[in-house]
Structure formats: C-alpha cells, structure tokens
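**Student:** Taken in sequence, the protein lines are chains G and A.
First residue of the first sequence: 1312, per the working numbering; consecutive thereafter.
First residue of the second sequence: 401, per the working numbering; consecutive thereafter.
Be aware that a few hints might be false.
Computed cross-link-like contacts, SDA-like style, restricted to lysine to any residue with a CA-CA straight-line distance of at most 20 Å [unchecked claim]:
hint : chain 1 : residue 1 : chain 2 : residue 2
1    : A       : Lys-742   : G       : Ala-1592
2    : A       : Lys-742   : G       : Glu-1529
3    : A       : Lys-742   : G       : Arg-1571
4    : A       : Lys-800   : A       : Leu-698
5    : A       : Lys-617   : G       : Arg-1591
6    : G       : Lys-1378  : A       : Thr-754
7    : A       : Lys-619   : G       : Lys-1497
8    : A       : Lys-622   : G       : Arg-1591
9    : G       : Lys-1342  : A       : Val-714
10   : G       : Lys-1333  : G       : Ala-1592
11   : G       : Lys-1342  : A       : Lys-456
12   : A       : Lys-619   : G       : Pro-1590
13   : G       : Lys-1378  : A       : Asp-718
14   : A       : Lys-619   : G       : Cys-1576
15   : A       : Lys-456   : G       : Gly-1566
16   : A       : Lys-619   : G       : Thr-1582
17   : A       : Lys-742   : G       : Lys-1497
18   : A       : Lys-456   : G       : Asn-1567
19   : G       : Lys-1378  : A       : Gly-785
20   : A       : Lys-545   : G       : Arg-1344
21   : A       : Lys-742   : G       : Asp-1560
22   : A       : Lys-697   : G       : Arg-1344
23   : A       : Lys-622   : G       : Ala-1592
24   : G       : Lys-1342  : A       : Arg-665
25   : A       : Lys-619   : G       : Lys-1342
Hints in this document: simulated from the structure, not taken from any laboratory.
So the chains spell out like this:
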Amino acid sequence: MSELITETRLRQLAGEWLDGGKRVVGPVRIKDRVLYQPLQSPESLLIESNPGGVRPANSIKEFFFPKQETLYQYRIRGRNIELIEPAQEFTEQLVVGARPCDAAALPILDHVFNWDFVDDFYNRRRAVTTIVTVACSATDEACFCTSVGLAPDDTRGSDAILLALGSGRYEVRCITDKGRALFPGKTETSTESAKAAPPPEAKFDPGKVRAFVDAHFEDPIWAEHGRTCMACGVCAFSCPTCHCFDIVDAGPTAGNARVRTWDTCQFPIFTQHASGHNPRALQPARQRQRILHKFSIYPEKFGEILCTGCGNCVRNCPVGLGVLNMLTEIQHGQHL
Amino acid sequence: MNDVSQFEPKILAYVCNWCTYLGADLAGTTRLEYPPNIRIVRLPCTGRIDFNLLIKAFEVGADAVLVSGCHPGDCHYTSGNYHARRRWILFRELLDLLGFDLERIHFTWISAAEGKKFQQVVTDITEKTRKLGPYTELYAAAPVKDLPQPQPNPLQLQTFATENELRAEARKLLAEGAIKVVIGYGERGPVLVTRPEDADQLVWNNRCTANLAMYLKRKEVKALGRPAIVVKACDERSLVVLEKESQFERKDLHVIGMACEGMERPRCANCAVRTPRFADTTIGQFPQQTPTPRPNKLDALMEMSRGERMAFWVQEFDRCVKCYACRQVCSLCYCERCIVDKNQPISIDPAPGTKGNFAWHIARAFHLAGRCIGCGACTQACPVGIDLGLLNMQLARAAKKHFAYQAGVDPSAELLIGAFSQQDKEEFIG
Chain G
1312 MSELITETRL RQLAGEWLDG GKRVVGPVRI KDRVLYQPLQ SPESLLIESN
1362 PGGVRPANSI KEFFFPKQET LYQYRIRGRN IELIEPAQEF TEQLVVGARP
1412 CDAAALPILD HVFNWDFVDD FYNRRRAVTT IVTVACSATD EACFCTSVGL
1462 APDDTRGSDA ILLALGSGRY EVRCITDKGR ALFPGKTETS TESAKAAPPP
1512 EAKFDPGKVR AFVDAHFEDP IWAEHGRTCM ACGVCAFSCP TCHCFDIVDA
1562 GPTAGNARVR TWDTCQFPIF TQHASGHNPR ALQPARQRQR ILHKFSIYPE
1612 KFGEILCTGC GNCVRNCPVG LGVLNMLTEI QHGQHL
Chain A
401 MNDVSQFEPK ILAYVCNWCT YLGADLAGTT RLEYPPNIRI VRLPCTGRID
451 FNLLIKAFEV GADAVLVSGC HPGDCHYTSG NYHARRRWIL FRELLDLLGF
501 DLERIHFTWI SAAEGKKFQQ VVTDITEKTR KLGPYTELYA AAPVKDLPQP
551 QPNPLQLQTF ATENELRAEA RKLLAEGAIK VVIGYGERGP VLVTRPEDAD
601 QLVWNNRCTA NLAMYLKRKE VKALGRPAIV VKACDERSLV VLEKESQFER
651 KDLHVIGMAC EGMERPRCAN CAVRTPRFAD TTIGQFPQQT PTPRPNKLDA
701 LMEMSRGERM AFWVQEFDRC VKCYACRQVC SLCYCERCIV DKNQPISIDP
751 APGTKGNFAW HIARAFHLAG RCIGCGACTQ ACPVGIDLGL LNMQLARAAK
801 KHFAYQAGVD PSAELLIGAF SQQDKEEFIG
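Based on the provided sequences and hints, a complete structural model is requested.
**Tutor:** Listed below in structure tokens is the structure:
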C-alpha cells in the first residue's frame, strides 16, 4: 500500500503555507530556464519532476546559506562602536520539488557549518525548513549521482519524497516526522507504486579519483584541462555543496553592516595576498583546488565527498568544463 | 519627512575644483543667497567623475544630483570636460533604460566668474526637485511585465562542411611552428590545441557560439606562445576593438576566419555579415545579407514606463549571484584588476543585494560603452538568465544615435570613449 497525493493537493499545501506567512521555495520558470525561487503564488510552482530539463540551474543551498547575509550591523559614534544584532527572521520554510541531489547536499554541509564554529544562521534555517523532494524521472549526460553514491530516488536529506505516477499524481514517502506532519488529510491510500528514473551509469570511481589527485598534485593534466576555464563562479555558485564565503564590512551606503557573501576558489583574488603574491597564480591551480577540496580534502576531514553529482557545474559552465568532465578526462586518460 | 509640504530636497553636487567650485565660492563672497539644500563634493575635474557616484548619491538619500564643471574650452586639463560630456551623453541613455529619473540628474557648466549662475542653477534645481518630491521610486519593486521571449532554436547538432578545412589549416599552422596554440571550438566547448596531431579536436558546427576572443586576455593562453584564433564575422569585431585598444599587435595574432551559416541561437538568423573581413585565412564564403528589422526586447522595455523599467531591473538583478561570468567571458573586459575587486576603499558594494547589483551592472555595462560589439556572451553565460545584453545594446544604440559610431566595424575609426569632439551634442546641459 502506498500514499498518493495529487498536484492540486500539493499546490493547496503550498498555498496554505504561503497564506500562513511562511516561505515556500520551489522550481519556477524564468525565461528559458528553471530556477529554485521563493514562490509568490502556488500556481508558479513547477512540481513535475523534470520541468524544462533535468533539474533547476541553481541549487537550494541559498535558502540555508544565502548569497548575502548580514551578520550584524554597527554604529560608530566618536570612539564608541556599538554592535547591533540583525533583525533576522527565521521564517518557517517549505522546499517543494527539490531534487535528491539538492537535498543530499545538506547533511554534507552540516559537517562544515558545525565544525570549529557552529553557524547559528545556517542551523536555524535548517531547523525551520521542511524539504519535500521529487525523485528524478529523467537523467541526462551531465548527471552523475551514481558515481558519488546517490541515486535518482535517494532520500538523504529529504523529509519526504514524491515519486511521479503520471497525470499529476505522486506517491508520497515520508522520511522524517517533519515530513509526516505535512500531509495528513491530503493523501489517499493506493495500491499503485511509482518508480524513479534508472540511475545514470557510474562515470568514475571516487576512491580512485582521490588516490589519483592525492598523488598527482603537479600532474600536467591540471594545466591541460584547467586552462580554458574563464575564472567565473558559475560552477561554485550553482553547486549544492560549494560553501566558501567572504566577509566584508559594507560601509554607510550599505547600512554599516558586516555582510557574508558567497565566494569561490575560482576567483583569482580568492587567494591573493596583501603583498600581491598569489599562491594559486593561474587558473589550472584553482581548478585543481576545487577537485581536491571535493574529492580529497573534505572526505579526509569529514568522511564524505563534497559533491552530489547534480551536474550543475557541467550544464552551466560557459566553456564546457565542470567536475564530471575533469574526472572523466582523468579516467579516460588512463590516469587511474 | 513624508509630508510633502515639509519636504526639503537634498541635492548632491559634484563640481570641478577650478570652475564651478570657485563659482560657488564667488556666490558666497558676493553674498548671493541660494537654498541650503545643496551639498557640494569637490573633484579635480568633471572628467574624473566615476559615474557610479551619481547612483551612490541617490542611494545615500539625495533627491537630485548636479554635476558641474568648466565651460567647453575652459577645462584646466584642456579636455576633461569634453570627455565627461561624451560620457554623460551615453550614461543618460543607460540610466533611462534602467528606469532612473533623468529629471533628477542635472549637468551644467558654471565658470569661476559665474556666481550668479550658480545661485540660479541651485535655486532652479531645488525648486524643481521640491515639486518632484522625495525620490521614492529608486529601486522600487512592482509587478513586472514579461518581455517577448525569442523561440529557442532546436538543439539539432549540425556539422558544417568546412570543418575539415579548418582542421587542416590548424594542423598546418601548428606543424610549421610559428603558431604555438590554436584557440578553437571543441566538442564540449572551447579548446586550446597545441599539437598538430590534436587538430582533429577542433569542430565547426552550429554550437560554436562562444566568442573565443575572450581567451586573448588570459595569462594561461599567453603563456603558450603565439596564438591563432578561430573567429566568426560577429566575434571578429572584438579583435578590431582589442587591437585599437593596444591589447595585442596584429602581427602577433593569426586569425582564422570562418564563414558562418548561423549558430543555434535566435539572433543568428538575422545576421548580416557572415564572412569575416580581416582574417589571415578565411575558410568558406557567404554573401552579405540585409537583416530584416524585427521587434526586439529593448524596444519592448523602452515602451514601458520609467517605474516599470526600474521594477524590471530590480527583479532581474535580484537573481544575480555575482559569479561574474558576464565579465569573465567578455572579450573586452580585460582589466588586470576589476573595479569590483578593489577593496581599499570598496567602491562597488560587493554583496549581491539590490544596490550592489545595480552598481555592478551599471559599472560593467558602462565600461563597455562604445566598445561592446554585441556578441551576447554575457547573456549566454549568465546562470540565472539576466538579460545583460540589453544594457549593452542600449549603449550601442546610443553610440549609433549620437555619434554614428559602431564598435569594431571600422578599424580606422577613432575609439568613441577616449576621444571627444567639440561638436558633441549638449542640449541637456544647462
């Protein structure tokens, strides 16, 4: 026996949350692409599991770790500096239509946001958020969740998962109490059961990748591969797991605030010293850093790969690079 | 404060040290009264004004901005005001597209002898601004109308017949030894081919949309030695601008021009020039065509009201994550250190909020004024689908309208920004 919910009921659920002054996030069509956005109305939600492509071009991390966040404000009066707590509201939020590769990123990120410093902002958003995932009903050539140990119907990080049955009906599988609290009165019992897309074929072996990158810091493959990278932040900013940030003191025109913003190792100034020296002088070294962090440094520190195989870096890269291409190149170049 | 009858406008004036500031001084010493609503910022020369300062003035609460300097011919640095004038002409058009209220931005020439004029100008602007009321429209969000979206072209891969000829040419160049790297298109994206035996990595198909001139600025590419570059007729215009701006010597670059049947993007269907004109080797041939005029997004946007335009950009920029892909893929954004990366002091708010995003996109677009060749790489690279090209298109249109200038078309033409003419139009300058 399974529980079944219709698209109408799901929209109704989103509508109830919105009416209650809460935030609902889900895939929305913006011109020629689909992006996770806070919903203005339940109608704009694209529930079907693969609207306009395999998955949205951004990730849900920005609803836990926003692209800009005021840490505190300050007021300077003569010699006195007064710190003001930001008027942050941690509104309850519901993420509907996340992909398994988005939801799985959160337990991975929990490690780093609770490591030597417990990040209150991130944790509070995690606590007030319920995540309803939609299992993928299609995958594309950029998908590689299988290669990092996930699957199109993986439930990691989700509170509930929906599996498409067709004609606007979904099988609901609740994973946590938060998930179970969502659906009472909205589902019906059914004998049907749904199936997700077949998992994409495994494209590389992360263990072998780690062994390779650990032993080949100076290998020419980095230069060969990384030199066409244009040093933008598309891969990192659309990545569900990249989490580097910068902290800037925005001056009086920006409200005298200490602000945290996203940052990425792909920017040349990320490692630029005050002296002008840059230890990662050229782009290949920065590309290498991104791979190393995901497949060697993070696993060493936290025991998990910092990648969910969503393929956003591949699809969004303006010059056709991305983690998958780098790793398959290593594999095909018989470096493994 | 919100009571309009009590409203005292705040006016920020950026004035030059040599003329207008002394004009203001003269007004004071001759005891000419003028409204106390003005706050003066003295700068060496109007030619020195960073235009983001105008925007910043509004952000910190100014209701109007005045920029004033020496009369044409009087500049103490001979031509600073002429340069400023040319930039204002273009900048106004950009602000208009973004939905700023041009009634609140004033330009005048006031000499050191014109204390009386200073008094008059400040009085007039104060009264006018008082009537306009506080500038509450700034960055105001509102429901936004959709712009017409072009039909996406189908993703059918089509290899062009000249692909083999391109590979042969690249192989030959690399084998001869004078060319160390061929910047071309590969199966997945741009490739840098350094060995003759790798020439078959090059492809020529309807997915070769990138403007490869972006690689000429990269240190990683420069380190490889003398390059050859594959260009389409549209992208070739980047090379014209870059050479004019002394970014490379023409003799140091080998250009492989590819006649182009059109790529899988809607804009290509309307392309007029399909065969490169200045290449060292041109592969294929297509006749010139006359493009058919068609409705475009820029017209649709300009037909909206000012408030709607601003709301449109507030909504668009709201999605910006400051990944800087727009800058990085631009062949003409080649500064070693971009203005947004300067942090002592911070001149553009680095946070991706409304203010910081407006400041960044204005700076990016305006630094390309009279330079952008309209390849569309910025729009294509944007991961969140912001129509960045519209900003550049508006400036290109302004360059054409006011100066009959098109970037990258005529290699003998003087650069638009960096030059000036005493005849530049100035009907908006008081």
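**Student:** When the hints from earlier in the document are held up against this structure, which numbers fail?
**Tutor:** The structure conflicts with hints 2, 7, 10, 11, 17, 25, although it agrees with all the remaining ones.
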